[in-house]
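Chains A and B supply the protein sequences, listed in that same order.
In terms of my numbering, the first sequence is residues 304 to 630.
In terms of my numbering, the second sequence is residues 19 to 552.
It should be emphasised that the hints constitute simulated quantities derived from the structure, not laboratory data.
Any given hint could turn out to be false.
[Stated by the list, open to error] Label-pair ranges, simulated between beta-carbon atoms:
1) A/378 to B/57: 49 to 59 Å
2) B/236 to A/387: 55 to 65 Å
3) A/321 to B/403: 26 to 36 Å
4) B/403 to A/311: 14 to 24 Å
5) A/340 to B/63: 33 to 43 Å
6) B/117 to A/340: 47 to 57 Å
7) B/155 to A/463: 53 to 63 Å
8) B/46 to A/340: 42 to 52 Å
9) B/395 to A/390: 17 to 27 Å
Glycine included, C-beta positions come from ideal geometry on N, C-alpha and C.
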Amino acid sequence: MKLLKLVPDNTNIRFLRWQWPFFIVNVLAMLAAVVLLFTNGLNLGIDFVGGQMIRTTFTQSAEAPTAALREEIDALGYGEPVIQAFGEPNEVSIRMRLPDGADTRPELSAEMTNKVTALIRQNHPDARIDGVDAVSGRVSGELFQTGMQALALAAIAISIYIWVRFEWQFGVGALFALVQDVLLTVGMFSLTQWEFDLNIVAALLTLIGYSLNDKIVVYDRIRENLKKYRRMPLPELLDLSVNETLSRTIVTSLSLLITLVSLLLLGPDVIFGFTAAITLGIFIGTYSSIFMSAPFLIWLGVTSDSFVPKESAADRQARKAMGRPEA
Amino acid sequence: MLDFPLWKRVWLWGLTIVGLLCALPSMVALAGGSWPAFLPNPVVNLGLDLAGGSHIMLEADARQVGAQRLLSMEEDVRDALRQASPRIRHGDISTSGGRLSFMVEDPGQVDAARDVLEPLTTGAGLTGQRDWTIEVVDGTRFILTQTRAGLDLAIKQAMTSATEVVRKRIDALGTREPTIIQSGADRIVVQVPGLEDPEALKELLGQTANLEFKLVDTTALPSDIAAGIVPPGSEIVPYAADAQIGGAIAVKRLGGIRGDSLTNAQQTVDQQTNRPVVSITFDPQGAQRFARLTTENVNRQFAIILDGEVLSAPVIQTPILGGTAQISGNFTVESANQLAVALNSGALPVELTVVEERTVRAELGADSISKGAIAIGVGTLALVLFIFATYGPRFGFYANAAVVINVLIILGVMAVVGATLTLPGIAGFVLTIGAAVDANVLINERIREERARGRRVVQAVESGYREASRAIFDANITNVIAAGLLFLFGSGPVKGFAVVLVIGIITSVFTAVTLTRMWVAGWLRRARPNDLVL
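Chain A with its partners taken away, still in its complex shape (with noise of 0.2 Å):
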C-alpha cells in the first residue's frame, strides 16, 4: 500500500543557507505590520471600546430597510449607526458607539440599548431581534486590558518553562517568535480591518500555544541531536533537526487547517474572526517554526556544547550501550 507522504524521506533543505533572506523578510514584514497597526490601527469591536451591537433579522423583507433604520436611528440623537449585512440581506447588525458622557454615567449606555431596540420594535414589527451585545466603557476598558494582560502573561510563562525545560537562549528564542506570530497576525487584522475582539484574544492565545508546539517539537530534536552528534558543525545540526521533524510540521498543520478551513466556510459567522485568526497565525506559526526557530538559536549563541554538562554518567553510559554513533 502507498502511503501518502508530503514529505519524501531524506529530505535535506539547507534553510539555514537562507536564514539571512528570510531574516530580511521577516523583519520587513514585522515594520510593515508597526506602521499598519500605528496608521490603520485595528478595528476595535465593541468588547474593547463600549457601545451596542444588535442583530436583527427583518422576518417579512428580502432587504433589510437599511437606509431608514439608519436615519431613526440617528434622529435619536447618538449619532449614525453602523449598519452592516450579517449573512443574508435581511440580517444586518447595528453598531453604535458610547454615547456622550457614558465613561462617567455608565447607565446612558444602557438607556441608548433601550430606546434603540424600542425603536426597532415600534417602527419595524416585522423585525426579529436575535442579539443585543451592549458593553459600558468601565467594562471594555478591563476586557481590553486583561486580555492583553492574559496575553503577555502567556507568553512569559510559557517561555520561562522553555527555559527551565531548554536553555535560555530556547526560551529566548521562543518569546521572539511569539511575538512576531501575534504581531504579524495582529498586522493582518489591521490590514483587513477585521473586527478586533475579545474572541480574537483567545485565537491569539491558541495561536500562541499551537505555535509553542511546533517551536518544541523542533527544539527538543536539536537539544536531542546536540546531544547525539557531539562534532556535528551547528548550522549542519540545526538543518538537519528541521528536516527531521519537517514531515511532523506539515502533517500537523495540514491535518488542523482541514478542520479550521471546514470552520471557517461552514461555521456560524459568529466565530469567523476567531477561526480566521488561528488560520492566519497557523500559516504564520508553521512558517516561523521551519525559517525562524533555527537561525535564532545561533544568533543567541547556542554552541554544541550546550547540554554537555547535563549529560550525566549514567546518560552516557546508557547512550555507548544503545549503540548510538558520536558524530
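Dock chain B against the given chain A, drawing on the hints supplied.
Below, chain B alone, put in the same frame as chain A:
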C-alpha cells in the same frame, strides 16, 4: 514500554468506557432525542450564546454606600445624644467629605458624648476594628471619619444583600433557572437562559425601590425652591407629576418613615379614581410609626418618595391606624405591579447600573450549533481521510479512533463536572482535535524514522513512543499554561474556550498516547509483524 499487564488494560478500557458512557446523554440530547429520565443524566450545559438567553452585568456605585452610612450615622448620633441622660446639647452638625462633624455646647459634656458615641463606632463582630474614628478638635468639635475597613465591610454587606434582593426580584418574575452571582467587589452577574427580551428585567433591577414617607416643608416658597434655596433641615426632591410648582418640592429631611418596615405590597385598583395603585402593609412597628406620623400631622401634606423622586404628595385627611396605605402615582397596571414586586423584595442597599448586556435568541444559537456541528463533522471527516492516507489503515485507524474517543470523552467530562459549552468552546474542540492529532503524528513520524534507520518493528514502535513523548509532554504543558492563564484572567467567552482546552489537553494525552500505545502493543503481541505499513 509496550508491556501492558492485565490490570492496566482493564483500567484503561474501564476509563474509556466510563468516559464514553458519560458522553452518551449529551450526544442523545444534542441529536434532539430524549434520554430516559430514570438513568443518570449528566447533559453538557449549553452557554447562553448557544441556547439563547440574557446575560446582564450590574455594577453598584460604592460611593453611595459611604454616603448612606454617613446619613444614618447622623440620625444615630442625634438620637444617642438626645437620649443620653443628662441630654447632651449639640449643634452645627455637618456631613461632608465622608466625615460627620458637630459641636457639643457644654465643654463639660465632651467625655460623656464620647462615651455615648463609642458603641456606635466600633465594628460589629470585628474585634478591635473600628468602623469610624472619633476625633475632638478645639475642645468641643467632634469629627467622625469612616475607616477604610468599615467602609469595605459595609460595601461587602451591601453587595451580599443586593444580590439577595436581585434574586428575589427575578424569582418574582417567574423566570426559569436564573444564575445570579456576585462578581468582584461591586458587580452582580445575572444569567437567565431563554430570556430573549430582558427589558422588564433590566427595568426592575434598575429600581432601588427605596420608599420613604416624609413631611412636606410648607414654609418653603416655590420661588425659593426654584432658586435652590431650602430652609435648614429640609431638602428638595423632584416631583415630576406636579409641574405647577416647578417640578420639585421641599421635604423635611428627618422624622419620616422608611419603606424597610413593609411586610407586603401589591397592585390594586383605587376604588374612587379607578386607577392602578400599590397597596402596602406595614409591620407592627412600622404601623405604629405610620399611625403616629399621620395622627400628629393631620391636614398636613406628606410626600411618598421612591428612589429620590416624589410619586405623590397627598394631604393627610385622617390618621391612618390600620397599618395599610395606598401609594398612588402615575401608574399603569404593569408599572404598579413592577413597583409591588420591587417593594416586596426589599430596597436595594445600593443603586445598580447595567454595565454589560448580552442577549441571544435561541434560534440564532441553534443556528450556530447546527452550523458548528456540520463544520466539525465535515472537518473531522476530511481529517480522518487525510490521516488514513498518511498513516495507512492500521496506524491511521488507531489515530482516528483516538481522536473520536477524545472528542466524546471531553463531552462526557464537561457534562459530569458541569462545565458550560460555548461557541468559543467549539473552537476549543477543534484545537484539541489538533493537539490529539499532533501527538499521533509525532509518534508515527518517529516510528517511521526509526524504521528508516533500520530498527526492528517492536524496537521502532517502542522508541517512537518514548522519543515522541518528551516533545508531546512539553508541548502539552505549555498549552496547559496558556489555557490556565486564559481561564484565570479571561472573561466570559475566553473562559469557555479555556475550559474545553484544559479538559481536552488532559484527555488528548490519555487517548492519543496511552490508549493507542495499548492498541499497538496488543497488535504487536498478537500478530508479531515483520514489517509495518506506516
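Hints, one by one, checked against the model:
The hint said 49 to 59 Å for the Cβ distance between residue 378 of chain A and residue 57 of chain B, and at roughly 58 Å that hint holds. The supplied range of 55 to 65 Å is met by residue 236 of chain B and residue 387 of chain A, whose beta-carbon atoms lie about 59 Å from each other. In this structure the hint that residue 321 of chain A and residue 403 of chain B lie 26 to 36 Å apart at CB holds, the actual value being about 34 Å. Between residue 403 of chain B and residue 311 of chain A the C-beta distance comes to about 21 Å, which sits within the given range of 14 to 24 Å.
In this structure the hint that residue 340 of chain A and residue 63 of chain B lie 33 to 43 Å apart at CB holds, the actual value being about 38 Å. Checking the proposed 47 to 57 Å range against residue 117 of chain B and residue 340 of chain A shows it holds: the Cβ atoms sit about 48 Å from each other. Evaluation of the 53 to 63 Å hint for residue 155 of chain B and residue 463 of chain A yields a pass: the beta carbon distance comes to about 55 Å. Against the hinted window of 42 to 52 Å, the Cβ-Cβ separation of residue 46 of chain B and residue 340 of chain A comes to about 48 Å, which satisfies the hint.
Our hint of 17 to 27 Å for residue 395 of chain B and residue 390 of chain A holds, since their Cβ atoms are close to 20 Å apart.
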